[in-house]
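> Residue strings, one per chain:
There are 2 protein chains.
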Amino acid sequence: MQKTISILGSTGSIGVNALNVVRHLSDKLDVVYLSAHTNAERMIEQCREFHPQTVVMIDENAAEIVHTELTLDGIEVRSGRRGLLDLAGRKDVDVMLNGLVGALGMEPTLEAVLAGVDVALSNKESLVMAGDIITKTMEKTGARLFPVDSEHSAIWQCLVGESLEDVRRIILTGSGGPFRTRSINTFGDITVDEALNHPNWDMGKKITIDSATMMNKGLEVIEAYWLFQLDPSQVDIVVHPQSIIHSMIELKDGSIKAQLGVPDMKVPIQYALMYPRHAEAPWERLNFMECGDLTFQPPDSERFPCIKLAYDAIDQMGTAPAVLNLANDYAVYSFLNGKIRFTDIPKIIKNAMEKHKWLKNPSLNDLKVLNKWTKLCVNNYS
Amino acid sequence: MQKTISILGSTGSIGVNALNVVRHLSDKLDVVYLSAHTNAERMIEQCREFHPQTVVMIDENAAEIVHTELTLDGIEVRSGRRGLLDLAGRKDVDVMLNGLVGALGMEPTLEAVLAGVDVALSNKESLVMAGDIITKTMEKTGARLFPVDSEHSAIWQCLVGESLEDVRRIILTGSGGPFRTRSINTFGDITVDEALNHPNWDMGKKITIDSATMMNKGLEVIEAYWLFQLDPSQVDIVVHPQSIIHSMIELKDGSIKAQLGVPDMKVPIQYALMYPRHAEAPWERLNFMECGDLTFQPPDSERFPCIKLAYDAIDQMGTAPAVLNLANDYAVYSFLNGKIRFTDIPKIIKNAMEKHKWLKNPSLNDLKVLNKWTKLCVNNYS
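One line per chain: the protein sequences are P and D, in this order.
The letter at position 317 of the first sequence is residue 301 when you use this note's numbering, and the numbering goes up by one with no holes.
The letter at position 28 of the second sequence is residue 12 when you use this note's numbering, and the numbering goes up by one with no holes.
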């Protein structure tokens, strides 16, 4: 029997990898909905290959182009954020893969779990921004979250068959990014190209910058807190430059379980779509004779202040993780556009965290207001 | 509720470690039977601390000493191999830990599974000798085997919650023993003390020599075949000198799961006794900042011919694994007694494998006859 799936962000890095997975598992996975932002050309190609029922382009012009091209193929084309949220809330799919980037991915996750649809979640901002709202909604509708992040997928795989009570801690591994050994005195000179040059993983731009600042590890700590319902003190970070061990759990008897493999996002994507099965796949496997030595070191909090900011946000909870995430989104965007320096990113986030109006239990509307405030706060920072 | 357990070989390395586990989990584990070979003094200490109902000493003189000491404590003392097999066949325990060394450990395993009792199995010779008889008996009685070997425990832990169908292969790790880097030209000069000096694990003498010849990896391949019902081609060996990763499974999607920890037999012993739970334990944990780099290399078949002999035995099946194991038992015993050289061990095994009368489906009696033949064959080798 085929599983029906929808893919939000199908022309991005996660979406393209997901369609690679569907290509070799076409007898098991059936794509019914796709969404993208502006890349009309790639969306048209994807539609011709995978024949979804409905697609959404956020950008109106792109939607127009796709509509014109596909009008004879019987594929419904919709547009705009309203179209996206409507697609995310449809009940007639087994799994929705949320491959959207940044805070805009949060509401579609909420729409899907409201509809009782399981979400394969790559968009870590969903839980960082609205972990409380999403988990409470899941309790009501029975929808589940299947992590797609390689780290959280690793932990999820290690937890299969285990009792959460028996877990002492989880250990998120991080490569340390491209600046793990760069002299800290030169961090102010880091260029966009340098920051986009990740040593192990081929990912989208936003998450690659987050790897360079190690904010991605900070966001992952917050995400892990919501996914696995552990105390923040049970979530540790270990720097592991080879990105072979994707994360670990330590059990109360001292046994540690790890998930390993080549750094390839298709593995966690396929597992989230095929859960609980590990289906056959054609890609490269890890060769222990060629992978080199596996090394570990502690995270450097002076070099990567974003990690500490994330732990601070968990301590404060309420709106703190949301403002951390929003300020990071806008700061990374500014850095990518050459408006600020690499070292400004943590300063801007810290400033927004300190100045924002903290609320204990923010509503969705509170988060929208916070979003507007944070955008102004980041753009006015000097 | 307490689990009732019996421990065969309680004064040996596995037994002593098991009682260390029981000591800190005395509210969950209740020792009802103990057995040992000759160490009366240690057995008396163990009885005074753990108050079993019945103990067996294989040696008659040792039994007499223990009986005299414990006559007022209300502990039944029995003796001899008959006493051991009777104890192993008692139905009124939840788990029997078989910590016996060598081929003599096989029949007690069979007695326990015949009685429908789950066996925490450290004695790998049980499955190597009589895998077919034991697994067929288990099918009838519903008894289960819980591996205690660190490698098989690791694989068992990694398989929890997974479907065997989804496993591509299992990867047994081995330290490579004390002679991994020693010049092969000097192997003829290896002394007993050198061979007993294992770099990572503190174990009994027999298994320490098996680590030095890497025959232990060969026996583990055969044991894994019976425990996990995989094709021999799905069982690989990787040398990992640090003994931090205790073994791994590779799933069909390329995901690899590994179990790691400090090299401490108490971890797999506790897991086998507490399965499926990972109960709290007081011992040292793995510190990733201090464990050093993890490295891998292929096994060296020229240096360690015993590995190839074991794969040959699986290819031939029938009595081949049994004669491999028996010849190894007697050859290691001769080496420990200074009668043969280290490099004679594989030659003696190969000779016995070639000369023995191969049977496809040996009975228990066939194996006893084979045992006598092999003892003569090994002792007459020159």
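Just so you know, these hints were derived from the structure itself, not from any lab.
Predicted model only: the values in this text are computed from it and were never measured.
Check the hints yourself; a few may be wrong.
Which copy is meant is left open, so a pair is good if it fits within one copy or across any two.
Here are the computed lysine-lysine pairs in the DSSO-like style, where the Cα-Cα straight-line distance is at most 30 Å [as the list claims (entries may be wrong)]:
1. 236 <-> 12
2. 236 <-> -13
3. 323 <-> 359
4. 359 <-> -13
5. -13 <-> 344
6. 323 <-> 236
> Just pull the numbers of the violated hints for me, sorted ascending.
4, 5 and 6
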